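Student: Starting from the given sequences, assemble the full structure and let the hints guide the process.
Residues 1419 to 1712 (our numbering) make up the sequence shown, in order.
It should be emphasised that the hints constitute simulated quantities derived from the structure, not laboratory data. Quantities reported herein were computed from a predicted structural model and do not represent experimental measurements. Be aware that a few hints might be false.
What the hints assert, rightly or not - With beta-carbon atoms standing in for the labels, derived distance ranges: (1) Ala1447 / Arg1652: 33 to 39 Å; (2) Asp1532 / Asp1628: 31 to 37 Å; (3) Arg1676 / Asp1458: 42 to 48 Å.
No residue lacks a Cβ here, since even glycine has one placed at the ideal position from N, Cα and C.
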Amino acid sequence: MNEPVEVWRLPAHEFAAGRRAPGWTVGPAGELAVLLVSEDGPAAWSRGPGRGLPYDAELVTVGPGGERRSGLSDVGVRPDHLALLPGGRTLVACAGLEGAPGGWEHNAVVHGPDGRPARELTLGHDIQALVTDRDGRIWMAFGDEGVYGDHPASQAGLLGTDAAGRTVWSPRRGELPGYPLEGLAGATEGRAVWLAWYPDSRGSHLTRIDPSTGTSSSLRLPVRLPVGFAIDGRRAVFLLGSGELVWCELTGKEWRERRRERLRVPGELDRGRAFGRDGVLRFRSGNGWYRVVA
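Tutor: So this is what it looks like as structure tokens:
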């Protein structure tokens, strides 16, 4: 049985002291990364754009070598999305994007190994899913506000950029089985990238992108709105917002359900994100982070 296993838990004494984790991710090598801030930060962000910025944070990275902590200073965007890049760099991105008199404001910052801001990026509006690959590319799926908005980076629905924000992949006309309306989740499998999304018509889709060739292929999702998923060859596991895990197997060109089980872990499920790396899905529930295999 592929039961969830706890990877890390925010210590009770830190939570009691007002430490919160507004952002987290899983790096390309499978390491868990959690962004910790004081509770003053999230309270200020809820009061409007620009409130509580910039702020300092602590990045907790949990991998085979154990737990490591490092600082991020002068973070200038809300941590709607967090991602790891090669060379010890960290990407923090806000989902939204504001216009400015001279063009567009940045909504992402790359921090160097020393934790200080090194580069500002403009990644598009209404980022619903964001994942980086082992070569440092950034892969995103946007929501309807971005698809039908004014910023060109969002309008294709799915997008790949390099770490400088330059486009390296976007779907060609007719390449996808529909026009993307809402991004759902992202995962990697080796050097391949998978993005889940649904179109402006019925059904949901899973698109596999090969960065080496720039080609993609798409399959129907076996579940409507996954929080996250992980793929290992012909096996996959999907996490639903209802708190169910669904294991599937690829038969021909169709995912077929093998079994499903309801989560039995403490806390409230993070329904906004879960990350799949090479067949291992990591998700958050309450102040604990868990892994489950496909």
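Student: Between the beta carbons of alanine 1447 and arginine 1652, is the distance compatible with 33 to 39 Å?
Tutor: About 23 Å separates the Cβ atoms of alanine 1447 and arginine 1652, which means 33 to 39 Å is violated.
Student: Quick check on a hinted range of 31 to 37 Å for aspartate 1532 and aspartate 1628, using CB atoms only.
Tutor: holds, 34 Å
Student: Regarding arginine 1676 and aspartate 1458, is the given constraint of 42 to 48 Å on their beta-carbon distance met?
Tutor: holds, 46 Å
When held up to the earlier numbered hints, the structure conflicts with hint 1 and nothing else.
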